[in-house]
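S.K.: Model the full assembly from the supplied sequences, consistent with the hints where possible.
There are 4 protein chains.
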Amino acid sequence: MNFASDNWAGAAPAVMSALTRHNNGHAPAYGSDPLTESVSNKFNELFEREVAVFFVATGTAANSLALAAYGKPGGAIFCHRDSHIQVDECNCPEFMTSGGKLVSVPGPSGKFDANGLIEAMYPFPDGIVHHGQVASVSISQATESGTVYTLEEIAAIKEVAASRSVPLHMDGARFANALVTLGCSPADMTWKSGVDVLSFGATKNGCWCAEAVVFFDLEAAKGFEYFRKRGGHLFSKSRFVAAQFDGYFNEDSWLDTAAHANAMALKLAEGIRTAGGRTAWPVEANELFPVLKRRQFEQLEAKGAMIYEWPAKDLPEGHAPQADEVCVRMVCSFATTEDDVAAFLNALSGTS
Amino acid sequence: MNFASDNWAGAAPAVMSALTRHNNGHAPAYGSDPLTESVSNKFNELFEREVAVFFVATGTAANSLALAAYGKPGGAIFCHRDSHIQVDECNCPEFMTSGGKLVSVPGPSGKFDANGLIEAMYPFPDGIVHHGQVASVSISQATESGTVYTLEEIAAIKEVAASRSVPLHMDGARFANALVTLGCSPADMTWKSGVDVLSFGATKNGCWCAEAVVFFDLEAAKGFEYFRKRGGHLFSKSRFVAAQFDGYFNEDSWLDTAAHANAMALKLAEGIRTAGGRTAWPVEANELFPVLKRRQFEQLEAKGAMIYEWPAKDLPEGHAPQADEVCVRMVCSFATTEDDVAAFLNALSGTS
Amino acid sequence: MNFASDNWAGAAPAVMSALTRHNNGHAPAYGSDPLTESVSNKFNELFEREVAVFFVATGTAANSLALAAYGKPGGAIFCHRDSHIQVDECNCPEFMTSGGKLVSVPGPSGKFDANGLIEAMYPFPDGIVHHGQVASVSISQATESGTVYTLEEIAAIKEVAASRSVPLHMDGARFANALVTLGCSPADMTWKSGVDVLSFGATKNGCWCAEAVVFFDLEAAKGFEYFRKRGGHLFSKSRFVAAQFDGYFNEDSWLDTAAHANAMALKLAEGIRTAGGRTAWPVEANELFPVLKRRQFEQLEAKGAMIYEWPAKDLPEGHAPQADEVCVRMVCSFATTEDDVAAFLNALSGTS
Amino acid sequence: MNFASDNWAGAAPAVMSALTRHNNGHAPAYGSDPLTESVSNKFNELFEREVAVFFVATGTAANSLALAAYGKPGGAIFCHRDSHIQVDECNCPEFMTSGGKLVSVPGPSGKFDANGLIEAMYPFPDGIVHHGQVASVSISQATESGTVYTLEEIAAIKEVAASRSVPLHMDGARFANALVTLGCSPADMTWKSGVDVLSFGATKNGCWCAEAVVFFDLEAAKGFEYFRKRGGHLFSKSRFVAAQFDGYFNEDSWLDTAAHANAMALKLAEGIRTAGGRTAWPVEANELFPVLKRRQFEQLEAKGAMIYEWPAKDLPEGHAPQADEVCVRMVCSFATTEDDVAAFLNALSGTS
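Chains as they are written, first to last, in our numbering: chain A, 249 to 600; chain B, 249 to 600; chain C, 249 to 600; chain D, 249 to 600.
Honestly, the hints are just simulated from the structure, not real lab data. A portion of the hints provided could be inaccurate.
To be verified - Only pairs whose alpha carbons sit at most 35 Å apart, straight line, appear in this in silico DSBU-like list of lysine-lysine: (1) A/Lys561 to C/Lys406; (2) D/Lys406 to D/Lys470; (3) A/Lys440 to D/Lys470.
Given the structure is predicted, the values throughout are model-derived calculations rather than measurements.
M.R.: Structure below.
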């Protein structure tokens, strides 16, 4: 019953076997090997156009370096109040952008909308040097609240970004989970909806360590290799990342693992609802945030459920925890089994 | 006949099998897993004292973050003119230290000595704000010229560093190769000789991606986790690094791979000497820098030898390339075979 | 009728004449001149203890460098939502701290209190690397809303800062204005209430360019000269700043100019109240923020009043502008005359 | 007999009186005042074309911010080994460029030439990410050795810079001194010879604090105001700088002060030569570097001559100090009198 996080899992079989398979012979270092080239082409195929792909060590690095590529002195980066870049990256975005300011945009369910963005940008008119300058907009897909932006929502946000001539970045730490939810193409969910640069995360969905910055804006990608290297993020044996991606994409295993994780999350949510419970936000990817009696939470923990209390704020009426309640986070991954789900729901039904 | 670089190899069998072995079940992310703890203890054993170990993505990151931990505004970092941090890290040290200046210290064979360091520090007296302030000293062991500092040489450099109250950093991208050459203990080659912080590299010697910053100065290690995270270098599935180290250290496989690589380099050097050739510098680890007739170099390349021309400068008399000569770099690794060596020497003997 | 800003005035007579008076002969550069020493001693007297004083070019530099002296990787700097460092310094604090994050603390009338600070610090527990670390707390005295913290309020904020082992910084761009309001000593308003480092502003109150960072925490002041120089803020002919401070402090002229500016602001506020108007916040220093009918505002502008619309948000009930109203900012300085005030009030009475 | 530095003088009469003259009434802050506009136009006239002018606090800031405007990740900035940016700015250039590397170019008499630059750029080929990328070239005019580049020398350096598509920066801390030596126009010495951005220093030549970044490359100037503000270098009462420039340029007073300083330096040099002495480098501006017997140096000091020992290195044969000799720096300014010169030469003749 381990629902602690999707990065508590190891590597999925397809990924691990690819890593083993490609561990032979010599290959040029620093990403100039044939396997990296082949994986890069796979990204082109996947996105139905030419893209520029750069492997980096972590999702935090992917986000921060992508934003650095669009950095400006006094730059304001607009993101959700609860976004990973704002609350979970120890100022890596601020550091990599040489002092960018992350401006929080509020919004329900981990998402902000075009109007919220317009309002947040209001104190940053063009040409007022004291206030700095609008630099970029970042959304997480899926969000940190387990929800997913629709294509229309993304496009509307893009329109606001474009009206200020700044790019739209997508933190895709859980890209695959969002994608299978929307059932659209990778192209639809990114550049066709206005995304300029994407942090393509594969680690949470079954890799050991496979993160990439994907530019649709090829002009901005020029020189990005220097940002990456300056951050210490150019792997020497870069093919070990390429190998993981090779296994990840092979026979669409990445979509299978994501679909499985999402299905497990939905099943949990349904079971909780059936048991009379609720979740803080809609369950649209592989995370769910049930609101439990604190008593239940403690009983579940005692029974071995690995779940964490979550500081959910500003929940809508009818969703917010009451005095005796607590919001918890549960995350599913490729490694979550039907048995885990059943065991949890069984344990839940035994609580009182 | 691939002598291009030690990072052209994949992962050594002991490492790859450990990675597979530890790929099961859930484990806490971000380095709080039991395997990481066990590997950290292994580091303590290895160094015969308590150390603070932090995994990072690359050798460049290890060096730059270690130096950042000792950063000062206007800080001067003293290193060899040909050191990796000075010429091969795209200003990552300068960036991570928020504008440090790498001051080149000259010296033959990739090494500088105490006197050279004293002279280089001369323009940086204490308290003259215009010139900045002495911040740290860094040596590479083994060096970028394939040579190795003796323990006495390290201690003498340390003495100079200590006289200015700054730490001694060791870039150990090829730590194992130097260690087997000296035949001393890891403790001897580091803190017992005055090293305060070490970039412990394992990637070149048989891992996919296993680099660690090791602090002997436990006080300075406090807060280092924030430097690492701010640089985007905290792995989520951190156990994949721990697993590699587990295999690396298991049954001293790391010493075997390093000893093998060194032996191959020596055999090449001897063969070259036998054939009437010479190397630019003594061969003391797994790299050698033969000086060949340009004609020979071209013939060797044509026969499939993967070797690179090297911009060797300021070589001592009798070593420097003549007009028709060229210096090349050759690197051996765990994956270099006796056959590779024999094939190369055979090819060399066929040149004219 | 120029109430645009206190930095639209020139230099006060006492300051200008001191600048002229000290413009003779040679004097050592970079702050090692006798006049700088004498002014530094004056600061010691003023604060009734030894302090460390550093001149810098601007208030923005003073704030940002002071915070940089206490910088940490992933550092969170707590300040009021409307503070100058948060909204008017183009990320200079973020840049000088190598990526600090300015965390907004809400609170009425430009002030936050101890409870607000505790709540804002809540998401930054010690030891959770993802969230970064608490680095410092900053208050403005007088505030950007023209209000003044009481000594008790400062001490309560300090207590929270101290509970997290971080320093309290005071942005004293309008230090003198606050001081004459409280009627206490400079020592009372600073280190005796827990302030560790102060941006001592004199420019707005009658200098051309005289800003200083004043450390009460002498330990933290060590090495600060390197921060200043690295920021390009060490003046060569530093005595031109010292000369201004000499005139500024001479015969307490600085208290006179501040008292005058405050009095003018109060007179304006009273006149506005008499005329049936109101201000957004209490008038406690040299700034006032009247809420006017938009019609009145336009008529006043047409009559030559230099006043600016102000984006006052979250005003308490009874204070917030109605649909046909607008909040404006008016600032008084040493150069504001009784005639200016009378003319404005007269113009106001003529509006409808 | 004060020859310590040109920044030991105060403000020249023309500058001081302008500062007094413009100290009346209100004027918009932050550089939007009419006087700043008028001075900016004066710069246009002076350079015979449209330029973009930005006032900053110090020469160090001017240099560092100008280079920051052309910063690149992993950027290499080429400058003379003895240049102010390399040895006297406490890493401000490195900091403002977020980790730029200042690459020293050697060359006699404080100057480097096109060939030296080509050689220094050799290790930085395009597209090799490890080595970083060529970012800019900087020369000092006049140099830190008191010499002056000819227009042909500047143009030749520019050609090399242009061949790598990077700009040429000129550190004009002693711009006026070089200008009167060459007897050419400001346009000739800058953009007509290929300079893209200039640090225009006026402080040493008679101002209190008047430094400007002047862009001839108007495209690069866009957005520069954000670099300046982010560095804390936007003055609020900016007109106090404009006023100084107004006096500086009025009736060409700046050329008079520079010509005077240069003449005094030449007279000193001639007197020294007449007395059988020599200088380390040609005397082409307002600085001279006599090589004296140490005995003489001590006697001169004892007689009250303010002169400093100078670490002159790599002097050509016949110029370098012998064992009993010492190189000293002497600097003249507008405030150096004929009497000072006579007194010094008289004192020198009395030494033995």
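S.K.: Each hint: holds or not?
M.R.: Evaluated hints:
Taking the CA atoms of A/Lys561 and C/Lys406, the gap is about 27 Å. The hint holds against a cut of 35 Å. Of the pairs offered as hints, the one joining D/Lys406 and D/Lys470 holds, with about 22 Å between alpha carbons and a cut-off of 35 Å not exceeded. For a cut-off of 35 Å, the pair hint linking A/Lys440 to D/Lys470 stands: about 31 Å separates their Cα positions.
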